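Chemist: Residue numbers (my numbering), protein chains in the order written: chain A, 1 to 226; chain B, 227 to 678.
Do not rely on the hints blindly, as some may be mistaken.
Derived DSBU-like pairs: lysine-lysine, alpha-carbon spacing no greater than 35 Å straight-line [as the list claims (entries may be wrong)]: (1) B:514 with A:32; (2) B:653 with A:177; (3) B:469 with B:353; (4) A:15 with B:471; (5) B:284 with B:480; (6) B:336 with B:518; (7) B:264 with B:542; (8) A:32 with B:480; (9) B:336 with B:303; (10) A:15 with B:303; (11) B:305 with B:336; (12) B:653 with B:284; (13) B:303 with B:264.
Hints were generated in silico from the structure; no laboratory data involved.
These numbers were taken from a predicted model, which means no experiment stands behind them.
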Amino acid sequence: MTAAMAPTLTRTAVKPFYFNTSAHLLRITRQKATNLSEFLQALRECPENSIFQHTFRTLQEHHFIREGFSNDFAHWALSACNEPSLAENLASVDVREFTSVAELRERFVQIVQSFLERSPVSATRSARETFYFCASDIVVIPTSFVAHTLPEFAEGLRQVSVHSLHHHFIEARLRLKLMSNDFSQWLLEDLGLPDAARQLNRIDIYTVTMENVRQQILRIVERALI
Amino acid sequence: MEPVESNTVGEMTPQEVAQASVSTPVSTPPARPERRKKPRIREIPPEPVPSPHLDDYKDIVGAAYIDEIRFLAEALKGKTVKMVNSTAVGGGVAEMLNQMVPLLNEVEVKTHWDVITGGNDFFEVTKAFHNALQGSDYHLTQQARDIFLMHNHLNSQRIQFNEDFIVIHDPQPPALVQSRDESRRWVWRCHIDLSNPNREVWEFLAPFIERYDAAIFSSQSFTRQLAIPQYLFYPCIDPLSEKNKELEAGSIQKVCDEFGIDRSRPIVTQVSRFDRAKDPVGVIQAFKQARKYVDCQLVLAGGGATDDPEGAAVLKEVRDATDDDPDIIILDLPPWCALEINALQRASTLIVQKSIREGFGLTVTEALWKAKPTIAGAVGGIPNQIIHKLTGMLVHSVDGCAYQMRYLLTHPDFAQQLGHNGREHVKENFLMTTNVRRWLLLFRILLSSQPK
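Whenever a hint applies, use it, and build me the whole structure from the sequences.
Modeler: Right under this line is the structure:
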């Protein structure tokens with residue numbers, strides 16, 4: 001019997017799913033900004049893993065907040081520069097729409113540049129706090145969870161840390177270079193469950209906590225088991 | 227997606243700042259209670275408790291997190307670490323090493339801790355360096371350089387550096403790096419704020435620092451431009467320590483009874499030594515403004531007044547500022563009252579840390595860990611912990627502090643959400659387990675890089 005024909009409860013995946021996780025260490029880079037003009041310059045020059053840190057990674061660091069935390073750039077624009085419209089534009093950047101950090105950087109550069117063209121007086125106004133660009137040094141580590149079937153997958157989802165969820169569900173698109181995630185790819189390609197794969201990809205990560213995301217993923221997977 | 231908004235809950239407009247200072251109260255302030263009984267303070271230090279094991283943290287951070295630490299350590303099994311600092315007891319660094327070293331050994335990263343020795347002349351010089359690096363005026367003499375280098379040299383002859391990773395803490399022993407051999411990785415862990423150092427002292431020390439493979443700082447704002455990689459390790463608290471462990475309701479009540487604190491009314495607390503940098507008089511002024519509108523008590527709990535002449539002077543200023551108000555409780559506690567501090571923080575409705583200068587501000591971390599809505603000055607490492615309106619409230623003035631006291635005491639749902647977010651923020655970033663993970667990560671990263 002092929003994987004696609006067996007009932008989902010007993011179906012064995014073409015390849016098992018290995019739950020991994022990524023551990024990050026914050027490195028302080030040379031770039032810093034005391035106003036928006038310096039910020040724009042630093043955005044252009046900082047290393048890619050700095051853009052990653054202040055967007056993808058900060059989302060993980062603040063996974064427990066559901067009200068108004070999107071990325072460090074938006075937060076600084078509001079709290080240190082008192083520029084709510086710029087902050088709103090920066091906060092509206094959804095990291096899931098990007099499969100490369102270069103594209104993501106370009107989007108932020110466009111937003112800040114366009115804002116400063118409209119509001120040149122804001123460029124050199126001193127921010128209340130300096131923005132220090134940090135970067136993320138990453139080590140990927142295994143976990144003890146491996147799934148060969150959908151029930152094992154659900155169990156793994158229940159047990160792994162939110163860091164592992166973030167690694168597979170959010171950061172994965174930078175590795176895959178696809179508008180998808182490791183979970184959806186496995187459900188689609190190795191277990192033949194396109195609907196569940198699609199539904200997973202539609203979960204909104206910005207309006208709920210990462211624990212809520214875990215519950216939503218589990219609900220979709222448990223429905224697929226029925 | 228939720229867009230960021232400006233001036234929503236808890237944000238004070240300029241008009242509100244003015245109102246917080248001068249407006250007429252809307253209700254009559256409550257009558258003052260009778261004078262409270264004298265606080266009963268424990269006079270003998272408690273027995274030390276044994277160090278926890280990694281598995282003891284499972285109920286706090288989750289089994290998966292502890293498993294991740296063990297997986298991270300796998301690649302380092304058999305590697306050796308030496309930590310070197312200047313004191314075995316007293317102070318935050320010794321306390322942290324006392325907790326960290328056993329945990330690293332438990333994951334089979336064999337870690338040894340050595341303490342440098344030196345005469346009074348050496349420690350006088352290093353104390354002056356310590357203050358100068360944090361901005362104090364100081365003239366570096368040739369004699370001070372000689373004393374510093376001689377004692378670093380004597381220690382480098384006494385201490386063996388055969389481990390894979392050598393971690394030197396703070397500005398007392400950095401010149402030990404002169405005895406490095408190229409096969410080992412050397413790390414300098416700086417626990418102090420170097421953002422505005424005395425130029426002479428920094429220029430003297432910087433060439434030593436640049437011989438390390440990496441430097442670690444406690445906040446982005448504490449760093450200097452260096453040619454070596456710089457990492458960010460936040461200071462951390464131990465959730466199983468006397469100061470932070472869960473307490474039963476009865477224990478909390480007992481402490482409040484001993485200190486004469488009325489738990490039927492809101493309690494606003496600041497825990498910090500009596501030091502002008504913590505602005506205890508500003509807290510009293512803010513409390514007095516807030517209490518015109520909301521019935522509450524203020525507890526200022528701290529120490530440092532017995533062994534520090536300046537602390538005693540500040541304590542007198544604080545007592546004078548209370549005007550004998552029975553709703554302001556001043557507790558001058560000895561250093562062994564960790565359990566009492568824990569109970570006070572847990573009994574509090576709000577916690578304040580209105581510092582005007584600060585290191586990292588671990589009392590803020592402790593408050594957030596207890597899920598307490600926290601108001602704190604936006605200085606030092608506090609903004610790393612308090613994300614304004616998300617994990618607590620940042621303030622810049624007495625008026626701002628007064629307004630946030632009023633706001634949080636009258637908006638308990640919002641205050642509770644702040645407390646919840648604050649605790650999660652600490653769980654993610656400022657616990658002992660997070661730092662075990664950071665050290666292991668750093669060692670793995672250094673292992674995969676070329677030594678200098």
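Chemist: If a hint holds in the structure, say so; if it doesn't, say that too.
Modeler: Tested hints:
| no. | hint | result |
| --- | --- | --- |
| 1 | B:514 with A:32 | violated (40 Å) |
| 2 | B:653 with A:177 | holds (32 Å) |
| 3 | B:469 with B:353 | holds (28 Å) |
| 4 | A:15 with B:471 | violated (44 Å) |
| 5 | B:284 with B:480 | holds (29 Å) |
| 6 | B:336 with B:518 | violated (58 Å) |
| 7 | B:264 with B:542 | holds (17 Å) |
| 8 | A:32 with B:480 | violated (49 Å) |
| 9 | B:336 with B:303 | holds (8 Å) |
| 10 | A:15 with B:303 | holds (30 Å) |
| 11 | B:305 with B:336 | holds (6 Å) |
| 12 | B:653 with B:284 | holds (12 Å) |
| 13 | B:303 with B:264 | violated (55 Å) |
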